[in-house]
Amino acid sequence: MFNYTFYWSIVWEKFPELLQGARITLEVTILSMIFGTALALPLSLWRRAKEGVGHAFATGWVELARNTPALFQVYMVYFGLGSLHIHLPSYFAMVAALTFNNAGYLAETFRGGLNSVPPQQLSAARSLGMSAFAAYAYVVFPQVFQVVFFPYVNQLNWALLNSSLGMIIGLRELTGATQAAQSESFRTFEFFIVAACIYYVMAKAIETLAQLASWRLFGR
Amino acid sequence: MQFQLPYSGLQWSDLPYVLLGVWNTLILTLAAATFGTLISIVIGWLRQDVPVARVVLAPYVDVTRSVPLIIQFILVNSSFALAGIPLEPLWVGVIVLSLYMGVLTSELVRAGLGAVRFQLKWASRSLGMSYWQELRYVSAPLALRTFFPGWIGTVIALTKDTALVSVVGYVELLRASQVLINRTNEALLVLAGTGLFYFAICYPISLYSRRLERTFQHD
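Residue numbers (the numbering used here), protein chains in the order written: chain V, 243 to 462; chain P, 175 to 393.
Rather than coming from a laboratory, the hints here were simulated on the basis of the structure. Ideal placement from N, C-alpha and C gives every residue a C-beta, glycine not left out. Not one of these hints is a red herring.
Pulled a few chain V residues facing chain P out of the computed Cβ check, cut under 8 Å:
1. 314
2. 403
3. 445
With the hints as extra help, turn the sequences into a complete structure.
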């Protein structure tokens, strides 16, 4: 038992490849968060409308995104769309799948945030002559922003961890790059420990930056 | 010359294989949820009531939450292999998922115990209850009310996370459907069925938990 010699130098040789993978991880995460946010805003407004096509569409999206495994969503985009002859490279498939997932979760977060702003504020803004867009942009969203800030950062961290699913469809993000690098030497344990540390550092960096931003923005 | 790839369509004889995947998913979910809940009660109670444990457990909690599950599966799998104890994929899944769920759910246990008013604890202690009696008859039942809706949420998350155990070779539902896709090339059809299954499990539970949350908010 445990007559195993750890062999780290082989990991350091491949370290630049892992860092390159980490860069792709960050790219995929950030892109999917940007697109996810852009989609979640209208979805959350439609969810708040009590009926209509928009409400049904948004509800379907949110429930599908939240009640099926993220890996299933990745498969659906990569293999499912593939059988409709829409062949996405794994990079875009990953961004698309994570966007779908993020949008579903964020729509619910935003809906919670919107519900926390009293409806009278919207009516007041509208009766002062603001357009619906201006009322949301200048009155409602700034308050929502403060409420959803930490849940949003949580989702960002989830997206970072979920992007590791890229390995399964052959994307060379951090997990995929690690998988590829270890397959030459089968030093699985050493490689994945290092990958785990890189993930940890990235997750902590996001958390710390968010905390700093929150002190700066909201003074707490 | 033209090649015709030898795909064969879906057949009824594929059903047992899919059902095996369903069964494996359910077994894993049940086992991990049971052990995970037990672990979470211990960790949550330790983190709430024992200051030393809070410090000792903090890095463990932190790491479990910031490393992707896939990597945790691979690491546990390979560290058992290094130790010379080959482990069934099912057990890798149970170990990692229960520990993961234990950590996530311990937050709920902590929040639940923390929400019990300390006057109540003092009152019961001054009535002559021991620490354990107070925990068993006063704190725990009250904590359960805040714990339960969140717990259901983590069970849903767990059901979805079982899909990831396929990376260490466990044939659960998603893996089984992947194998079927490789043979039949009917990705959309097979995946739609698989998705429907997960949805059929998770959606009713999440509706139920939302209703519970609303009930608990009112009183």
